[in-house]
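Build out the structure end to end from the sequences listed, making use of the hints.
Protein chains: 2
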Amino acid sequence: MSEQHLIIGGNAAGMTAASRAKRLAPSVAVTILESSRHISYSICGLPYCLGGVVSRFEDLVYFTPETLRNERGIDALVEMRAVEILPSRRSVVVEDVRSGRREPFRYDKLLIATGYRPLTPSLEGIDAPGVFTASRLEDGQAISSWLASAPRRGAVIIGGGYVGLEMAEALRRRGLSVTVVEKSPSIFAALDPDMAELLQSELESNGVRVLTHREAGKILTRRDGSVEGVEIQGTRRLLEADVVFIDVGVEPRVDLAVAAGIRLGKTGAIEVSERMETNIPAIYAAGNCAETVHRVTGRPTLAPLGTVAVKQGRVAGENMTGRVARFPGWVGTAAVKVFGLSVARTGLSSQEAQREGFSVVEEKIESRFRAPYFEGGGSGTVKVVGDESSGRLLGAQIVGSEAAALRIDVVATALAAGLRVDEVSQLDLAYTPPLGALWNPVLIAVNALLKKMKRRY
Amino acid sequence: MSEQHLIIGGNAAGMTAASRAKRLAPSVAVTILESSRHISYSICGLPYCLGGVVSRFEDLVYFTPETLRNERGIDALVEMRAVEILPSRRSVVVEDVRSGRREPFRYDKLLIATGYRPLTPSLEGIDAPGVFTASRLEDGQAISSWLASAPRRGAVIIGGGYVGLEMAEALRRRGLSVTVVEKSPSIFAALDPDMAELLQSELESNGVRVLTHREAGKILTRRDGSVEGVEIQGTRRLLEADVVFIDVGVEPRVDLAVAAGIRLGKTGAIEVSERMETNIPAIYAAGNCAETVHRVTGRPTLAPLGTVAVKQGRVAGENMTGRVARFPGWVGTAAVKVFGLSVARTGLSSQEAQREGFSVVEEKIESRFRAPYFEGGGSGTVKVVGDESSGRLLGAQIVGSEAAALRIDVVATALAAGLRVDEVSQLDLAYTPPLGALWNPVLIAVNALLKKMKRRY
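As they're listed, the protein sequences go chains A and B. Start counting the first sequence at 1; every next residue gets the next number (this note's numbering). Start counting the second sequence at 1; every next residue gets the next number (this note's numbering).
Keep in mind that the hints were calculated from the coordinates and are not lab data. Because the structure is a prediction, the values reported are computed rather than measured. Check each hint, because a few of them may be wrong.
Stated by the list, open to error - Cut-off 30 Å, straight-line C-alpha distance, at most; resulting in silico cross-link-like pairs (DSSO-like, lysine-lysine):
(1) A:266 / A:364
(2) B:452 / B:364
(3) A:452 / A:364
(4) A:22 / B:454
(5) B:451 / A:22
(6) B:22 / A:454
(7) B:454 / B:183
(8) B:452 / A:22
(9) A:364 / B:22
(10) B:337 / B:183
(11) B:337 / A:337
(12) B:22 / A:452
(13) A:183 / A:337
(14) A:451 / B:22
(15) A:364 / A:454
(16) B:183 / B:218
(17) A:451 / A:364
(18) B:454 / B:364
(19) B:364 / B:337
(20) B:364 / A:22
(21) A:337 / A:364
Put into structure tokens, the structure is as follows:
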């Protein structure tokens with residue numbers, strides 16, 4: 001009987017681990033257990049399907065169980081929910097979602113890649129038809145059907161994070177009037193408020209209403225039980241809405257792991273080694289259910305992003321076959337596009353760096369990203385954050401054109417290498433008039449930051 | 001009498017040094033001596049003026065002597081040619097180009113920023129009207145006048161480097177039939193031949209004829225002395241041409257420095273410290289007349305690029321005021337756009353790495369630069385080069401869309417930090433479907449390279 005790798009969760013981390021393990025060790029039997037109906041899709045693409053930019057949900061799917069079997073020799077069992085891990089027996093009890101029948105699956109190596117679960121506020125009416133979150137392809141399909149089933153005029157988005165804003169754009173593109181309700185003083189906590197302001201303006205100039213420092217109260221329903229509107233807490237204000245989308249954060253799905261005695265870290269996600277090992281032999285965890293070291297602070301964090309999940313999955317898959325691979329962590333890189341504005345960030349924002357106790361210095365510049373005499377290429381605002389006491393660059397935020405936002409990767413690379421601000425200021429970046437500026441705006445920002453620092457290193 | 005900073009050369013390095021010195025030490029008198037008629041322009045923009053993408057040569061000029069005086073308090077004297085440096089007297093003999101009158105200029109600190117001179121092959125007819133190189137704004141104006149003065153049908157570009165190819169495009173856009181003659185087996189030596197091939201196809205599919213492994217013989221002239229065509233060496237083949245553009249390389253302008261006893265390095269450019277000091281006290285050199293350390297090899301090189309010149313100029317200007325600034329060198333980053341194809345490179349090509357004695361491993365992939373279900377963003381070919389024995393990444397080349405080529409900066413940053421291939425493979429780069437792919441193609445290429453390496457670090 002061949003060695004058995006069992007993987008709970010058929011998306012970014014799980015799929016990547018499965019593919020990697022099977023490629024490195026073709027004789028191993030690799031089985032994916034997925035509780036939903038689909039494996040291997042881009043959940044990030046969901047808002048673009050709803051907004052009509054991508055035509056069909058099927059376009060988001062990379063593999064079906066059939067193509068995965070045929071092309072990669074991996075078994076993926078859908079609508080099969082892992083209900084209990086029994087480490088002493090090296091087996092997992094699995095329930096067929098349709099029939100309710102349970103059976104044990106033996107493993108030699110087990111990967112927990114159960115991902116995250118969207119948080120929902122405990123509001124009256126939160127379960128009403130027309131209230132959605134998005135963590136699975138089915139969620140997108142359900143929203144799509146809902147939108148198609150009747151005239152939909154208004155939408156309220158509760159929470160102004162990545163998905164919330166993408167959904168705001170998608171629903172606006174569908175012709176709905178859209179309001180974003182954000183309880184913080186500023187939307188999009190991944191950016192400092194001064195940078196998030198640019199994003200808010202872009203939303204507003206595209207007809208999205210943004211209410212900050214406001215909390216949703218109860219969700220009002222019609223006689224048929226479906227959503228009618230959202231009341232703003234502490235006011236009598238009612239926002240009419242035929243659709244409500246919730247984006248108030250996510251939490252790692254760790255119930256299975258906890259029940260099996262697998263240790264969680266302080267973040268509430270599964271504690272893993274650099275090799276993605278849990279505290280129980282032969283059990284690995286990867287993706288959004290596992291912790292990720294933030295390389296700028298050196299501390300474990302939640303990093304609920306596909307880019308992190310696939311890298312962790314790859315490392316887990318490699319280690320499961322007996323090789324040695326290590327995942328060094330992330331640096332906090334993320335991007336979003338909202339209407340015409342591209343946004344990217346990496347490392348720590350000024351606010352985050354302050355909370356972490358760094359001696360924060362920050363600088364912000366606006367610049368074009370091409371030679372001044374050249375059309376196009378756009379412009380952007382670049383904010384950079386440094387640490388006065390060590391001289392290290394801590395992070396950057398860019399809001400502007402696509403070509404501007406892409407430059408975040410320079411800083412992401414510099415952060416992974418632990419470069420100081422003065423070292424970044426001397427980087428040899430590409431220039432030719434049709435593609436860039438002689439002084440790359442990242443360098444302009446970093447040079448300006450360097451000027452503010454007392455010791456110039 | 002205030003301290004006097006004298007700067008020979010009023011372009012990238014000289015202008016940047018002047019501005020920096022004046023900003024840091026406003027009481028210093030800063031004087032630029034420029035032998036041509038213009039200071040402070042983008043020579044890189046010249047082909048775009050000729051091609052009609054940028055409308056006027058004046059658009060390439062950042063400062064005139066007047067605006068420089070008014071806005072920055074710096075004196076720039078044009079058509080004033082430095083003819084001799086007298087270090088023992090701390091003075092420079094300067095000739096008024098129009099009157100021929102000479103006078104001495106005293107300095108406390110001197111910067112040599114004389115740039116480069118285009119090489120010209122010693123061909124019969126090389127001085128004929130209609131044969132051009134481009135190192136000054138006047139060259140562009142002269143080409144432009146020449147093109148305007150009579151019907152121009154054919155052009156021959158001798159040498160297929162950066163400017164040669166940009167000129168090929170510019171002249172093609174002007175409706176001329178264009179032939180590039182390159183003596184190497186492959187155009188564009190900054191890329192390995194397999195990558196340069198993609199560039200050659202792009203030229204050819206835009207109607208530019210490319211002859212490789214062919215040398216220009218004599219330049220034939222008409223009765224009025226102007227160019228008529230170029231003969232290919234060793235053949236009877238004649239390429240008809242009303243314009244010939246030469247791009248066979250450049251050399252540092254070092255005559256003045258040599259005559260003053262300033263030491264050159266092995267590259268033939270002025271040897272400088274990290275602070276841009278020459279061997280003679282109070283004399284600095286910066287820009288394309290000075291050597292630049294290649295940070296991948298650790299050896300001095302010629303780096304005739306504006307990006308390097310401005311950084312060296314900034315460092316020189318800072319040191320001239322008594323501060324301490326260091327220029328760590330470049331990593332060989334450069335970019336060019338030819339018709340619809342964007343090209344970028346950094347570090348060492350595979351050929352260069354072999355010449356340097358590295359144990360070269362290379363890999364090449366083709367990839368899209370966005371989520372597969374997302375339009376646009378283009379695609380590109382990414383080639384990466386690593387060193388088997390140290391595990392270090394040595395360089396990359398990208399040919400494709402603009403968004404593809406911009407990714408070179410990730411590698412440029414990694415090279416500056418000396419990252420190993422495995423470290424680069426774990427970089428946390430930005431992703432969102434409208435802007436990029438979940439696996440950034442640079443990471444795909446680097447992961448593929450890593451697979452080929454015996455020790456995986």
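Structure-based check of all given hints:
Distance hint between residue 266 of chain A and residue 364 of chain A is unfulfilled; the C-alpha atoms sit about 34 Å from each other, more than 30 Å. For the hint pairing residue 452 of chain B with residue 364 of chain B, the CA-to-CA distance comes to about 11 Å; that is within 30 Å, so the pair holds. As the CA atoms of residue 452 of chain A and residue 364 of chain A are separated by approximately 11 Å, the hinted pair is consistent with the 30 Å bound. About 20 Å separates the Cα atoms of residue 22 of chain A and residue 454 of chain B, which keeps this hinted pair within 30 Å; it holds.
Taken as a hint, the residue 451 of chain B and residue 22 of chain A pair is honoured in the structure, with Cα atoms around 15 Å apart against an allowance of 30 Å. For the proposed pair residue 22 of chain B and residue 454 of chain A, the alpha carbon gap of about 21 Å is at most 30 Å, so the pair holds. Simply put, residue 454 of chain B and residue 183 of chain B have alpha-carbon atoms about 37 Å apart, too far for the 30 Å limit, and the pair is violated. Taken as a hint, the residue 452 of chain B and residue 22 of chain A pair is honoured in the structure, with Cα atoms around 18 Å apart against an allowance of 30 Å.
Proposed proximity of residue 364 of chain A and residue 22 of chain B is supported: the alpha carbons are some 23 Å apart, at most 30 Å. About 22 Å separates the Cα atoms of residue 337 of chain B and residue 183 of chain B, which keeps this hinted pair within 30 Å; it holds. A threshold of 30 Å between alpha carbons decides the hint, and for residue 337 of chain B with residue 337 of chain A the separation of about 26 Å falls inside it, so the pair holds. Between residue 22 of chain B and residue 452 of chain A, the direct Cα distance comes to roughly 18 Å. Compliance with the 30 Å bound is thereby established for this hinted pair.
Proposed proximity of residue 183 of chain A and residue 337 of chain A is supported: the alpha carbons are some 22 Å apart, at most 30 Å. The suggested pairing of residue 451 of chain A with residue 22 of chain B holds, with an alpha-carbon distance near 15 Å, which does not exceed 30 Å. Our distance criterion of 30 Å between C-alpha atoms is met by residue 364 of chain A and residue 454 of chain A, whose separation comes to about 18 Å. Restraint check: the Cα-Cα separation between residue 183 of chain B and residue 218 of chain B comes to about 14 Å, which is no more than 30 Å; the hinted pair holds.
Under the criterion of a C-alpha separation no larger than 30 Å, the hint pairing residue 451 of chain A with residue 364 of chain A is consistent with the structure, at around 12 Å. Simply put, residue 454 of chain B and residue 364 of chain B have alpha-carbon atoms about 18 Å apart, close enough for the 30 Å limit, and the pair holds. Straight-line distance between C-alpha atoms of residue 364 of chain B and residue 337 of chain B comes to about 20 Å, which keeps the hinted pair within the 30 Å bound. For the proposed pair residue 364 of chain B and residue 22 of chain A, the alpha carbon gap of about 23 Å is at most 30 Å, so the pair holds.
Only pairs whose Cα atoms come within 30 Å are accepted, and residue 337 of chain A paired with residue 364 of chain A is accepted, the gap being roughly 20 Å.
In terms of the numbered hints stated before, the structure departs from hints 1 and 7, listed from lowest to highest.
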